[in-house]
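Chains as they are written, first to last, in our numbering: chain A, 1 to 381; chain B, 1001 to 1133.
Among these hints, one or two may not hold up.
Stated by the list, open to error - SDA-like cross-link-like pairs, simulated, lysine to any residue; straight-line CA separation at most 20 Å: (1) K1060(B) to K215(A); (2) K1060(B) to M220(A); (3) K141(A) to G1007(B); (4) K196(A) to R176(A); (5) K1068(B) to D124(A); (6) K75(A) to T90(A); (7) K42(A) to E18(A); (8) K196(A) to F1070(B); (9) K196(A) to K1060(B); (10) K358(A) to G270(A); (11) K361(A) to A316(A); (12) K1060(B) to P123(A); (13) K1060(B) to K42(A); (14) K141(A) to T1013(B); (15) K42(A) to G270(A); (16) K141(A) to R1037(B); (17) K93(A) to R176(A); (18) K42(A) to R31(A); (19) K1060(B) to F1070(B); (20) K1060(B) to A1071(B); (21) K1060(B) to V242(A); (22) K196(A) to A1071(B); (23) K141(A) to E303(A); (24) K1068(B) to M220(A); (25) K1068(B) to M1102(B); (26) K196(A) to G111(A); (27) K141(A) to I1098(B); (28) K1060(B) to G118(A); (29) K1060(B) to T188(A); (30) K361(A) to R222(A); (31) K141(A) to R1089(B).
As the list claims (entries may be wrong) - Here are the computed distance ranges between Cβ atoms for each label pair: (32) D299(A) to P1034(B): 50 to 58 Å; (33) P237(A) to E1006(B): 26 to 34 Å; (34) A53(A) to F1070(B): 25 to 33 Å; (35) H147(A) to Q1002(B): 55 to 63 Å; (36) T1010(B) to R63(A): 38 to 46 Å; (37) Q355(A) to P1081(B): 47 to 55 Å; (38) G150(A) to A1040(B): 35 to 43 Å; (39) D180(A) to D1117(B): 16 to 24 Å; (40) Q1002(B) to G253(A): 39 to 47 Å.
None of these hints come from the bench; they were simulated from the model.
A virtual CB, placed ideally from N, CA and C, is assigned to each residue, including glycine.
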Amino acid sequence: MSDVYIVGAGIHPFGRTEGVSGLDQGVFAVREALADAGLEWKDIQFAFGGSDAAGAADTMVDRLGLTGIQFINVKNGCAVGGSALFAAATTIKAGEFDLGLAVGFDKHPRGAFNALPGEYNLPDWYGEAGYMLTTQFFAMKIRRYMHENGISARSLGRVAEKAFRNGALAPHAWRREPVDLDTIMNATMVSDPYTKFMFCSPAEGGVALILAGEKTARRMGRATIRLRAAAMRTRPPGSFEVFAPAISIERGGSATRIAARDAFALAGVGPQDIDIAQIQDTETGAEIMHMAENGFCRDGEQEKWLAEGRTELSGALPVNTDGGCLACGEPIGASGLRQVYENVIQLRGAAGRRQVAKRLKTAYSHVYGAPGVAAVAILSR
Amino acid sequence: MQPIAEGLFTDETSPRLIGGRNRLTGALTFPRPPDDRYEAVPLSRTGAVWSFTVQRFRPKSPPYAGSKDFAPYAVAYVELPGELIVEGRLTGVAFEDIRIGMPVELTLVPLDPAKADSPLIHAFRPRGDGAAS
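Modelling step: build the complete structure from the supplied sequences, incorporating the hints.
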């Protein structure tokens, strides 16, 4: 089996871009990735791509060129990007093709995601009575976690403060202004204990990654950033997921724990080997819980980690170096690949003002979403 | 006033939620799936707050069917001992007084208190001193 390298990376800035469709933001990202790799569209042998709410990715051949390429659409909720990456890497490992594309994009309406009970196999009363809100669920999940593990509300604020500070340094981020901790803590409460600065918003954006087998990557002189693992996993019994009228009293693990365990095994590394991590942070507590679920610390240690700044750009394990979902917003189809893009740029040492100063060898990314899916990718140089 | 849906809670003075017990595995769920494999089982009226939040903004309609004049409401997961952790409104307690572990019991409240024909939804309220464990 061939090793797989990421030989090109492109992004359309996240946030709001009036007049540009989600698909066209994906196309923009593909062109950026091609230019980055020194390739033309006709060089690309296959593609996997998708969005959650902005249409079928394969229609972008209209814009990029009708080369007859194999282009497979991916639809997998929050794991669209991770699934496209897995599929592309596996295709290369299998020897079917040696140069391909993983692309994700999206464009969501303003405001909270509006979920309907029927889409989740739930009775209508659940939505009518006012439970059909991701924000409400996330608030109750972190409240329980804080209670069990001694996490303070101030730690929830510190994560947001870091996100906006990092986002201010990332050209592709949406929120580019630092916000101080007191402002974050005293802002309008959305769902206690979360204030409005502690949730990310649905947004727009596109990301494209070009993958190559070792032979092609070496010929291009780009066998530098290796994809060590890409794993997408689903939930075990007793995980705590969104839109649940009731949960079992026997509490269990999570899709994240499974994906992390398996990705580390595939890569042959452990949490102690990771130099930098992009972790799903749709709300600040998610970053905190996912630090432990991915194996970087024990439950409860995050309180100390955050107070000591260990996850800052200058810390022992920089987390969400481009501001994550909190600063970039969440275009579902593009979000997971943004994390991998950020790791590629950081590993290359090309992240400009947000570049992590220490020497980087191994980088980790993690996405999580409804109804209990997680995807992890590990890169090294 | 009518229940917001059939089969959610029992029709008795002190109502109970109706769960479903899988006849094969014995596992409990709520609400009871519309499926013969699940036997209807009334759940415990009392439990303890497992987690909670306050819904501070009006949910979008659809699906939300509550009043246009929105007032924030508390939502909790309540652990019914030995059975399930069930989601429901919290009523009869100031937001700042809600605590994890607080003993509560089931009650029914109108979804829209201003409307005479509002559907009834399930909620939990603090247990009286005599009943608190």
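Against the structure, the hints:
no.	hint	result
1	K1060(B) to K215(A)	violated, 53 Å
2	K1060(B) to M220(A)	violated, 51 Å
3	K141(A) to G1007(B)	violated, 28 Å
4	K196(A) to R176(A)	holds, 16 Å
5	K1068(B) to D124(A)	holds, 19 Å
6	K75(A) to T90(A)	holds, 17 Å
7	K42(A) to E18(A)	violated, 30 Å
8	K196(A) to F1070(B)	holds, 18 Å
9	K196(A) to K1060(B)	holds, 17 Å
10	K358(A) to G270(A)	holds, 19 Å
11	K361(A) to A316(A)	holds, 13 Å
12	K1060(B) to P123(A)	holds, 17 Å
13	K1060(B) to K42(A)	violated, 45 Å
14	K141(A) to T1013(B)	violated, 33 Å
15	K42(A) to G270(A)	violated, 39 Å
16	K141(A) to R1037(B)	violated, 30 Å
17	K93(A) to R176(A)	violated, 39 Å
18	K42(A) to R31(A)	holds, 12 Å
19	K1060(B) to F1070(B)	holds, 11 Å
20	K1060(B) to A1071(B)	holds, 14 Å
21	K1060(B) to V242(A)	holds, 17 Å
22	K196(A) to A1071(B)	holds, 18 Å
23	K141(A) to E303(A)	holds, 17 Å
24	K1068(B) to M220(A)	violated, 61 Å
25	K1068(B) to M1102(B)	violated, 31 Å
26	K196(A) to G111(A)	holds, 12 Å
27	K141(A) to I1098(B)	holds, 16 Å
28	K1060(B) to G118(A)	holds, 15 Å
29	K1060(B) to T188(A)	holds, 19 Å
30	K361(A) to R222(A)	holds, 16 Å
31	K141(A) to R1089(B)	holds, 16 Å
32	D299(A) to P1034(B): 50 to 58 Å	violated, 38 Å
33	P237(A) to E1006(B): 26 to 34 Å	holds, 29 Å
34	A53(A) to F1070(B): 25 to 33 Å	holds, 26 Å
35	H147(A) to Q1002(B): 55 to 63 Å	violated, 36 Å
36	T1010(B) to R63(A): 38 to 46 Å	violated, 59 Å
37	Q355(A) to P1081(B): 47 to 55 Å	holds, 53 Å
38	G150(A) to A1040(B): 35 to 43 Å	holds, 40 Å
39	D180(A) to D1117(B): 16 to 24 Å	violated, 49 Å
40	Q1002(B) to G253(A): 39 to 47 Å	holds, 41 Å
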